[in-house]
Every structure is written in structure tokens, then in C-alpha cells.
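Listed in order, the protein sequences are those of chains A and B. The first sequence maps to residues 1 to 106 in this note's numbering. The second sequence maps to residues 1 to 424 in this note's numbering.
No wet-lab data here; the hints were simulated from the structure. Don't be surprised by glycine CBs; every beta carbon is placed ideally from N, CA and C. Certain hints may be false.
[Said to hold, decoys possible] Here are the simulated DSSO-like cross-link-like pairs (lysine-lysine), alpha carbons at most 30 angstroms apart as the crow flies: (1) Lys30(A) - Lys60(A); (2) Lys396(B) - Lys327(B); (3) Lys417(B) - Lys375(B); (4) Lys64(B) - Lys185(B); (5) Lys60(A) - Lys73(B); (6) Lys64(B) - Lys60(A); (7) Lys368(B) - Lys417(B); (8) Lys345(B) - Lys417(B); (9) Lys185(B) - Lys68(B); (10) Lys68(B) - Lys345(B); (11) Lys345(B) - Lys375(B); (12) Lys79(B) - Lys64(B); (13) Lys68(B) - Lys368(B); (14) Lys30(A) - Lys79(B); (15) Lys60(A) - Lys345(B); (16) Lys345(B) - Lys185(B); (17) Lys64(B) - Lys368(B); (18) Lys30(A) - Lys327(B); (19) Lys68(B) - Lys30(A); (20) Lys3(A) - Lys73(B); (21) Lys73(B) - Lys185(B); (22) Lys60(A) - Lys68(B); (23) Lys345(B) - Lys64(B); (24) Lys3(A) - Lys30(A); (25) Lys79(B) - Lys68(B); (26) Lys30(A) - Lys64(B); (27) Lys345(B) - Lys30(A); (28) Lys368(B) - Lys345(B); (29) Lys79(B) - Lys60(A); (30) Lys79(B) - Lys3(A); (31) Lys30(A) - Lys73(B).
[What the hints assert, rightly or not] Computed beta-carbon distance windows for the label pairs: (32) Gly302(B) - Met58(A): 41 to 49 angstroms; (33) Arg224(B) - Asp80(A): 54 to 62 angstroms; (34) Asp193(B) - Thr89(A): 38 to 46 angstroms; (35) Arg127(B) - Glu103(A): 33 to 41 angstroms; (36) Ser232(B) - Glu103(A): 52 to 60 angstroms; (37) Asp80(A) - Pro328(B): 27 to 35 angstroms; (38) Asp82(B) - Gly21(A): 17 to 25 angstroms; (39) Ala99(B) - Asp17(A): 40 to 48 angstroms; (40) Ala93(A) - Thr130(B): 45 to 53 angstroms.
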Amino acid sequence: MPKITFVDHTGEERTLDATNGETVMETAIKNAVPGIDADCGGACACATCHVYVDDAFMAKVGQPEDMEQSMLDFAENVQDNSRLSCQITVSDALDGLRVTTPESQH
Amino acid sequence: MRHEIRNRKEHIVDLSASERIVIVGAGQAAAQACASLRQYGFAGDLALIGEEPELPYQRPPLSKAYMKGELAKERLYFKPMDWYRAQSVDLKLETRVNALDRSACRVLLENEETLSYDALILATGSRPRTLPLAGAGLANVFDLRTLGDVEGVRPHMRAGCRLVIIGAGYIGLEAAAVARQLGLKVTVLEMADRVLARVTSPVMSAFYEAEHLRQGVDIRTSVRVTGLTGGSSVQSVVLDDGTEIPADVVLAGIGIVPNVELAEASGLGCSNGVLVDRDTRTQDERIFAVGDCACRPLVHYGRRGRLESVHNAIEQGKLAAAAIMGKPRPVEDCPWFWSDQYDLKLQIAGLSEGYDTLVVRGDPGERKFAVFYLKAGRLLAVDAVNSAPEFLASKKLIVSGASLAPDTLRDTTQSMKEIAAAAA
Numbered sequence: 001m002p003k004i005t006f007v008d009h010t011g012e013e014r015t016l017d018a019t020n021g022e023t024v025m026e027t028a029i030k031n032a033v034p035g036i037d038a039d040c041g042g043a044c045a046c047a048t049c050h051v052y053v054d055d056a057f058m059a060k061v062g063q064p065e066d067m068e069q070s071m072l073d074f075a076e077n078v079q080d081n082s083r084l085s086c087q088i089t090v091s092d093a094l095d096g097l098r099v100t101t102p103e104s105q106h
Numbered sequence: 001m002r003h004e005i006r007n008r009k010e011h012i013v014d015l016s017a018s019e020r021i022v023i024v025g026a027g028q029a030a031a032q033a034c035a036s037l038r039q040y041g042f043a044g045d046l047a048l049i050g051e052e053p054e055l056p057y058q059r060p061p062l063s064k065a066y067m068k069g070e071l072a073k074e075r076l077y078f079k080p081m082d083w084y085r086a087q088s089v090d091l092k093l094e095t096r097v098n099a100l101d102r103s104a105c106r107v108l109l110e111n112e113e114t115l116s117y118d119a120l121i122l123a124t125g126s127r128p129r130t131l132p133l134a135g136a137g138l139a140n141v142f143d144l145r146t147l148g149d150v151e152g153v154r155p156h157m158r159a160g161c162r163l164v165i166i167g168a169g170y171i172g173l174e175a176a177a178v179a180r181q182l183g184l185k186v187t188v189l190e191m192a193d194r195v196l197a198r199v200t201s202p203v204m205s206a207f208y209e210a211e212h213l214r215q216g217v218d219i220r221t222s223v224r225v226t227g228l229t230g231g232s233s234v235q236s237v238v239l240d241d242g243t244e245i246p247a248d249v250v251l252a253g254i255g256i257v258p259n260v261e262l263a264e265a266s267g268l269g270c271s272n273g274v275l276v277d278r279d280t281r282t283q284d285e286r287i288f289a290v291g292d293c294a295c296r297p298l299v300h301y302g303r304r305g306r307l308e309s310v311h312n313a314i315e316q317g318k319l320a321a322a323a324i325m326g327k328p329r330p331v332e333d334c335p336w337f338w339s340d341q342y343d344l345k346l347q348i349a350g351l352s353e354g355y356d357t358l359v360v361r362g363d364p365g366e367r368k369f370a371v372f373y374l375k376a377g378r379l380l381a382v383d384a385v386n387s388a389p390e391f392l393a394s395k396k397l398i399v400s401g402a403s404l405a406p407d408t409l410r411d412t413t414q415s416m417k418e419i420a421a422a423a424a
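Make the full structure from the sequences, and use the hints.
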């Protein structure tokens with residue numbers, strides 16, 4: 001089972017077991033990780049599951065598709081390592097993934 | 001009965017010291033209220049009462065990915081069972097509430113149990129409007145509201161099966177898209193003269209109608225269904241001109257009705273939903289109503305309305321929890337919605353009702369465009385097809401009450417970021 005570490009805006013870390021095939025967003029929501037709302041439930045419709053991906057994993061998580069990219073363009077405090085966590089699917093290759101959550105999604 | 005919208009200050013009952021909170025309903029608004037109450041520090045008894053046998057789950061995928069078989073059932077649940085245990089939520093599933101006894105602050109369950117409350121949240125949702133037709137009770141005639149409904153439909157979702165959908169709203173059209181992608185023969189019947197007539201403009205209706213026709217859906221508008229025929233299972237749908245359309249399975253998507261009976265019987269004011277103030281409080285200061293069943297102030301539009309959406313369920317769930325716990329009122333966003341059909345992602349911000357000007361930005365022929373709705377220059381709403389920037393920029397512009405010139409919105413040489421920045 002891959003593990004994902006969520007770091008919140010205060011620096012507090014939570015390392016959680018994730019399930020292959022589910023998304024990073026789902027892992028966060030099922031474990032009540034603060035800082036991720038995911039209002040639309042993963043339909044890439046709301047941009048409220050924004051996270052920052054640890055540099056070491058940027059290549060492994062890949063590039064956002066067009067829809068996600070244009071959603072990110074309007075999110076707050078976007079950085080080069082910003083992604084929507086509903087668009088990152090968990091796999092063994094992502095074992096050890098670290099993402100940081102913003103203080104607020106709005 | 002006229003409902004007074006009161007100031008929060010005027011409430012004398014401090015509910016933040018509540019020991020027992022009961023939530024009636026187990027849909028998205030209920031699940032949100034439940035999670036937010038614990039998040040805001042409510043440590044007392046918390047009961048969640050739902051009539052379905054399932055943990056609270058997401059409904060939007062029911063007519064999309066879940067219907068198509070692309071999503072496992074477990075992924076529909078907001079939280080796993082462990083979360084409810086860890087949070088000490090008393091989940092009462094497959095349980096109906098018979099009545100509210102407001103004077104004694106009690107909820108009476110069908111199984112004769114009673115639950116006392118200091119604060120009560122009504123999240124009773126809505127139910128599908130039923131087909132007022134002979135034959136509506138035949139086997140293989142389904143609504144599309146619950147997991148149970150979709151589990152009934154899914155075995156029929158195979159190539160060659162003849163599906164007739166009654167009602168060309170978002171649910172009906174989403175189901176039509178899934179069914180075509182799975183190779184069914186699909187007919188959509190609509191009473192109005194265009195699809196999506198209740199929810200959007202003729203421009204959008206024409207676009208979606210053309211798309212479904214191109215995908216091989218037989219869409220018939222301005223038709224009246226008079227009955228369903230069959231032995232035990234449905235065999236055909238009959239129109240008022242005598243046309244008989246063969247059907248192996250029928251889906252009805254003709255709108256929903258808010259479940260206000262409990263509130264109404266207890267004397268709470270209702271008019272197209274349970275009347276609530278901005279904090280979701282009903283006329284009884286211990287009782288709140290959230291989600292599909294509530295008729296709320298629409299603060300960006302200066303009127304009341306009932307919203308059938310995920311945004312509304314989440315927002316009102318949070319509003320109720322915050323009001324009970326004495327927390328600052330969460331920000332009220334403009335209403336927003338989405339619909340996925342084929343490769344078209346429609347994102348809607350705002351409510352277009354009452355618009356006097358319609359502006360199309362982009363080219364519908366390229367399957368990437370947006371329709372803006374203005375009233376006296378002010379942006380009311382947008383329907384954005386494969387156009388996330390138009391949707392996201394408009395959400396902010398609607399909340400800020402921005403006025404925009406039609407020519408500016410039409411000008412695709414300016415990005416939505418530039419347009420939004422100039423309007424701010």
C-alpha cells in the first residue's frame with residue numbers, strides 16, 4: 001500500500017495509507033486531512049483540492065492536462081508545483097509522495 | 001405565511017452549548033453538516049438518520065461515471081464507516097422519521113424510538129417527481145436519484161438495449177450520453193420545445209440537442225407521453241399522437257420535489273422548500289434546514305430560491321454547523337453546477353433567470369465556448385462548455401456584482417484573467 005504524506009500549512013505532517021487507483025484527493029478526504037475541500041468530489045469542476053507536490057515527485061506525478069491547467073490558472077497562490085489532487089491517481093510509483101496543502105482553498 | 005429574516009443577534013437561544021444534535025437525512029448536506037459540526041468542536045451526541053441503506057454518498061456520479069461502470073461503489077461514499085465510528089456519529093440508516101415534536105424538542109422515528117435534540121438539522125432532500133402515467137409502476141421503469149435506482153438500471157446498460165428517457169434535463173441527458181457510449185439505442189422524450197428548457201437558454205439547448213443527435217440519440221421535443229405499456233416489464237412508451245416507442249428500459253428524469261412534509265406537519269413555514277434565513281435557520285430557532293429541501297435567501301440576487309446542487313448542499317451544511325456552534329458565517333458563494341456529457345464539461349456559475357442580454361464567447365462549433373447572461377449590464381450567470389477560465393472568472397465577477405460590456409466578453413483576444421482584472 002503506497003504511503004502519502006500530507007503536510008498542512010502549519011507544517012504538521014500526516015502519513016496515510018493510500019489505495020492504488022484512487023486519487024490523492026480521495027486519500028485526503030477519507031482521512032479528513034485539513035486544507036482540502038474537494039467540493040465536486042473529483043470531477044475537476046471546482047479547483048478546491050489544490051496541493052503543492054514535493055519537487056522530488058514532480059516528474060512521477062506528470063503534467064496536468066489542459067482542463068486541470070486552466071482550473072489551476074484561477075486558483076489562489078499557484079506555484080510551479082501546484083496540482084489538483086483529484087487528478088493524481090495513486091500507484092506504487094508514488095509511494096512516499098509528499099504534498100503540502102494550502103491554508104484555504106478559497 | 002411570511003417568513004421574517006432575522007438578525008443573528010436577535011436569537012436568544014445559545015445553541016453552542018448543545019448536547020444533542022440530530023440530523024434528519026443522510027445526503028451531501030447532512031454529511032457536510034455532520035463533518036463541520038465535529039470540525040467546529042461539537043463534542044456532544046450527534047445522530048444522522050437516513051432512510052437509504054447506504055453510508056452518505058455522492059449523487060452526481062450516479063448519472064455519470066458510476067452509471068457507466070467506471071467507479072467502484074466504495075468511491076461514492078464521502079467517508080468510510082471508520083470515520084463515523086471514530087467521530088462517534090450515531091448513524092441510523094434505513095430509518096425513517098415519522099414526525100417532529102417541536103414543543104418537546106423530539107424526533108419520532110418509524111421504529112417508535114424517540115430522539116431528543118437541542119438543535120435539529122433537516123436535510124430531508126428531495127424525491128423524483130413521479131410519472132403521472134398508466135404503466136409507471138411496471139418493472140424496468142426507473143427514477144435516477146439513489147444508488148438503488150442506478151443499481152437497478154445498470155444491468156440494462158449494455159449494447160443494443162432500447163432505452164427511453166422521459167425528460168431532457170441534465171440528469172436525462174447525462175444518462176443518454178452514458179447509454180450511447182455503452183452502445184444502447186437511446187430515445188429522449190421532452191414535453192417542452194427544446195432540451196434543458198427549464199435550466200438554460202435556447203443557445204445552450206440547441207448546442208446540446210445537436211450534440212446528442214450527432215451522437216445518435218433520437219431526441220423528440222414537444223411530445224407528450226400518455227402511458228407505458230407492458231406485461232410485467234415495460235415494453236413501450238406511448239405518445240399522445242399514438243406513436244409507440246419500443247423500450248426495454250425507461251428512465252424518468254422529470255424533476256424533483258423537495259421533501260418538506262416533516263417540516264410542514266410540524267408547522268414550520270414552507271414555500272417551495274422549508275423557509276430559512278442566511279444561517280439556514282427555520283422559524284424555529286432550534287431547527288435548521290439545508291440542501292435540496294431548503295428555500296434560502298440568494299444573497300447575490302436579492303431573492304429567495306431553492307437550489308438543487310452540490311455547492312448548495314456543502315455551503316448550507318457548513319452554514320448550519322457554524323450557526324449552531326456560534327462560528328462566523330462562512331462565505332456564501334454564487335451558486336454553481338456542472339454537467340458531464342460525452343467529452344463536454346459544462347460548468348455553470350450563477351443563476352441566469354431574468355437576463356436581458358446574452359453573449360456568446362468563443363465558437364460552439366469548436367466545442368469550447370461560454371454563454372454569459374447579463375441584466376442591466378450586471379453579470380448574472382455563465383454556462384461554460386470546456387471553458388474553465390470563463391467559469392472560474394465569472395464566479396468571482398458574479399459575487400462582486402461586476403458589470404461587463406458585451407463586446408468585452410465577446411473579445412477572445414483578451415483572456416478571462418485580463419477581463420476579470422479590468423472589471424475588478
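Each hint tested on the structure:
1. Lys30(A) - Lys60(A): holds (23 angstroms)
2. Lys396(B) - Lys327(B): Status holds; Cα separation ~24 angstroms.
3. Lys417(B) - Lys375(B): holds (22 angstroms)
4. Lys64(B) - Lys185(B): Holds, at roughly 17 angstroms.
5. Lys60(A) - Lys73(B): Distance of about 28 angstroms is within 30 angstroms: holds.
6. Lys64(B) - Lys60(A): OK: Lys64(B) and Lys60(A) at ~29 angstroms, within 30 angstroms.
7. Lys368(B) - Lys417(B): Roughly 17 angstroms separates the two Cα atoms, so the pair holds.
8. Lys345(B) - Lys417(B): holds (20 angstroms)
9. Lys185(B) - Lys68(B): Holds, because 15 angstroms separates the two Cα atoms, which is no more than 30 angstroms.
10. Lys68(B) - Lys345(B): Given pair Lys68(B), Lys345(B) holds - Cα atoms ~16 angstroms apart, limit 30 angstroms.
11. Lys345(B) - Lys375(B): Cα-Cα ~25 angstroms, so holds.
12. Lys79(B) - Lys64(B): Satisfied, since the Cα-Cα distance of roughly 20 angstroms is no more than 30 angstroms.
13. Lys68(B) - Lys368(B): holds (24 angstroms)
14. Lys30(A) - Lys79(B): holds (5 angstroms)
15. Lys60(A) - Lys345(B): holds (27 angstroms)
16. Lys345(B) - Lys185(B): Given pair Lys345(B), Lys185(B) holds - Cα atoms ~23 angstroms apart, limit 30 angstroms.
17. Lys64(B) - Lys368(B): holds (20 angstroms)
18. Lys30(A) - Lys327(B): holds (24 angstroms)
19. Lys68(B) - Lys30(A): Between Lys68(B) and Lys30(A) the Cα gap is close to 23 angstroms, so the pair holds against 30 angstroms.
20. Lys3(A) - Lys73(B): The hint holds at about 23 angstroms.
21. Lys73(B) - Lys185(B): Since the Cα atoms of Lys73(B) and Lys185(B) sit roughly 26 angstroms apart, the hinted pair holds (cutoff 30 angstroms).
22. Lys60(A) - Lys68(B): It holds: about 29 angstroms lies between the C-alpha atoms, which stays within 30 angstroms.
23. Lys345(B) - Lys64(B): Roughly 12 angstroms between the alpha carbons, so the hint for Lys345(B) and Lys64(B) holds.
24. Lys3(A) - Lys30(A): This hinted pair holds, its Cα atoms lying about 14 angstroms apart.
25. Lys79(B) - Lys68(B): Holds, because 22 angstroms separates the two Cα atoms, which is no more than 30 angstroms.
26. Lys30(A) - Lys64(B): holds (22 angstroms)
27. Lys345(B) - Lys30(A): Holds - the C-alpha atoms of Lys30(A) and Lys345(B) are around 26 angstroms apart, at most 30 angstroms.
28. Lys368(B) - Lys345(B): holds (9 angstroms)
29. Lys79(B) - Lys60(A): holds (28 angstroms)
30. Lys79(B) - Lys3(A): holds (19 angstroms)
31. Lys30(A) - Lys73(B): holds (14 angstroms)
32. Gly302(B) - Met58(A): 41 to 49 angstroms: At roughly 47 angstroms between Cβ atoms, Met58(A) and Gly302(B) fall inside 41 to 49 angstroms, so the hint holds.
33. Arg224(B) - Asp80(A): 54 to 62 angstroms: About 57 angstroms separates the Cβ atoms of Arg224(B) and Asp80(A), which means 54 to 62 angstroms holds.
34. Asp193(B) - Thr89(A): 38 to 46 angstroms: holds (43 angstroms)
35. Arg127(B) - Glu103(A): 33 to 41 angstroms: Hint holds: Cβ distance 39 angstroms, inside 33 to 41 angstroms.
36. Ser232(B) - Glu103(A): 52 to 60 angstroms: holds (58 angstroms)
37. Asp80(A) - Pro328(B): 27 to 35 angstroms: holds (34 angstroms)
38. Asp82(B) - Gly21(A): 17 to 25 angstroms: holds (19 angstroms)
39. Ala99(B) - Asp17(A): 40 to 48 angstroms: holds (44 angstroms)
40. Ala93(A) - Thr130(B): 45 to 53 angstroms: holds (50 angstroms)
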